[in-house]
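K.L.:
Spelled out from the first residue to the last, the chains are:
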Amino acid sequence: MSLQDFLQLLSSVMALGGALVMLISMIGVARFPDIYCRAHALGMGMTLGVTLLLLSLWIALGSQAAGLKVVAAIFFQFLTIPVASHLISLAAYRRGIRRHNNRPLDG
Amino acid sequence: MMSLFINLIISVIWMLLDREMSVLGFAIGYVIGFAMIWLFQPILQSRNYVRRVLGFVRFMFIFSRSFLVSCWSIGRASLIGSIHSIEPRLISYDVRGLSRVEMFLLSHCISLTPGTTTVDITEDFSTFILHVFDTQDPDAVRRDIDKTLRRGILAFTR
Numbered sequence: 000m001s002l003q004d005f006l007q008l009l010s011s012v013m014a015l016g017g018a019l020v021m022l023i024s025m026i027g028v029a030r031f032p033d034i035y036c037r038a039h040a041l042g043m044g045m046t047l048g049v050t051l052l053l054l055s056l057w058i059a060l061g062s063q064a065a066g067l068k069v070v071a072a073i074f075f076q077f078l079t080i081p082v083a084s085h086l087i088s089l090a091a092y093r094r095g096i097r098r099h100n101n102r103p104l105d106g
Numbered sequence: 000m001m002s003l004f005i006n007l008i009i010s011v012i013w014m015l016l017d018r019e020m021s022v023l024g025f026a027i028g029y030v031i032g033f034a035m036i037w038l039f040q041p042i043l044q045s046r047n048y049v050r051r052v053l054g055f056v057r058f059m060f061i062f063s064r065s066f067l068v069s070c071w072s073i074g075r076a077s078l079i080g081s082i083h084s085i086e087p088r089l090i091s092y093d094v095r096g097l098s099r100v101e102m103f104l105l106s107h108c109i110s111l112t113p114g115t116t117t118v119d120i121t122e123d124f125s126t127f128i129l130h131v132f133d134t135q136d137p138d139a140v141r142r143d144i145d146k147t148l149r150r151g152i153l154a155f156t157r
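Here the protein sequences come in this chain order: C and A. Counting along the first sequence from 1, when you hit position 99 you're at 98 in numbering that gives the first Met the number 0, and nothing is skipped either side. Counting along the second sequence from 1, when you hit position 34 you're at 33 in numbering that gives the first Met the number 0, and nothing is skipped either side.
None of these hints come from the bench; they were simulated from the model. Each residue gets a CB set at the ideal place from its N, CA and C atoms; glycine is no exception. One thing to keep in mind: the hints can contain errors.
[Stated by the list, open to error] Here are the in silico distance ranges between beta carbons for each label pair:
#1 Leu-67(C) <-> Gly-80(A): 20 to 30 Å
#2 Ile-8(A) <-> Val-70(C): 34 to 44 Å
#3 Gly-95(C) <-> Val-56(A): 17 to 27 Å
#4 Thr-121(A) <-> Asp-4(C): 48 to 58 Å
#5 Val-12(C) <-> Phe-124(A): 14 to 24 Å
#6 Ile-8(A) <-> Ala-29(C): 49 to 59 Å
#7 Met-25(C) <-> Ala-139(A): 26 to 36 Å
#8 Gln-135(A) <-> Ala-29(C): 43 to 53 Å
[Unchecked claim] As a list, the in silico SDA-like pairs of lysine to any residue whose alpha-carbon atoms are at most 20 Å apart:
#9 Lys-68(C) <-> Val-22(A)
#10 Lys-68(C) <-> Ala-26(A)
#11 Lys-68(C) <-> Arg-57(A)
#12 Lys-146(A) <-> Ser-69(A)
#13 Lys-146(A) <-> Glu-122(A)
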């Protein structure tokens, strides 16, 4: 098995893994009881899933063609996704949207 | 600051002298430059810089590990098990004594880790309100954040 074959295999496995992570996180979004828990599932799927997909793209293209573009894309994913999930939770908290089992703060 | 400058210069020179300019060349140059600065610590007075860079690298490893572990637990919860058995909670987390930049980094890393999200911060910037996906024991979550994220961030910001 040459290095080329190995890289191709690695890239396919990572693409499949990323798609699987996103599928699992979407099942989580459909199943979880309230908006906060759904934000957790969504955040996980976006960060890990998209990162795996982008890394697989990086390996498939080769670092010569892709350069730093993929790294920049991953960097911005990691910069923006937590902000989005924080804002969703903050909006829900300020509006007082019902939580699963409604425990009080620190309760 | 001076050490960072020297390190960047070494990596740029390494990249330019390489057969072809590439990101990998820059990375290798940075590692070699860092090794040199580490060797000549007493002359360059770069102990602080070396400590911060090593702290940052160690933090990256610790963070990746806790990131993957909590991804695994969220994924398992979304596939198997009853959704009524999970116990989401809002907990408070004390951040007095941290600077604004450290607070920003800490809240960002908390939100980035699946299973915990920073929901709000009190008006006087003393307490985070976190949402934890599934826990029986809020103190265990606080200890965990103290041990992995807070200590790791303080290792390279101070």
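K.L.:
Hint by hint, say whether it matches the structure.
P.N.:
Comparing the hints with the structure gives:
no.: 1; hint: Leu-67(C) <-> Gly-80(A): 20 to 30 Å; verdict: violated (41 Å)
no.: 2; hint: Ile-8(A) <-> Val-70(C): 34 to 44 Å; verdict: violated (22 Å)
no.: 3; hint: Gly-95(C) <-> Val-56(A): 17 to 27 Å; verdict: violated (43 Å)
no.: 4; hint: Thr-121(A) <-> Asp-4(C): 48 to 58 Å; verdict: holds (56 Å)
no.: 5; hint: Val-12(C) <-> Phe-124(A): 14 to 24 Å; verdict: violated (45 Å)
no.: 6; hint: Ile-8(A) <-> Ala-29(C): 49 to 59 Å; verdict: holds (53 Å)
no.: 7; hint: Met-25(C) <-> Ala-139(A): 26 to 36 Å; verdict: holds (29 Å)
no.: 8; hint: Gln-135(A) <-> Ala-29(C): 43 to 53 Å; verdict: violated (25 Å)
no.: 9; hint: Lys-68(C) <-> Val-22(A); verdict: holds (11 Å)
no.: 10; hint: Lys-68(C) <-> Ala-26(A); verdict: holds (16 Å)
no.: 11; hint: Lys-68(C) <-> Arg-57(A); verdict: violated (25 Å)
no.: 12; hint: Lys-146(A) <-> Ser-69(A); verdict: holds (15 Å)
no.: 13; hint: Lys-146(A) <-> Glu-122(A); verdict: violated (26 Å)
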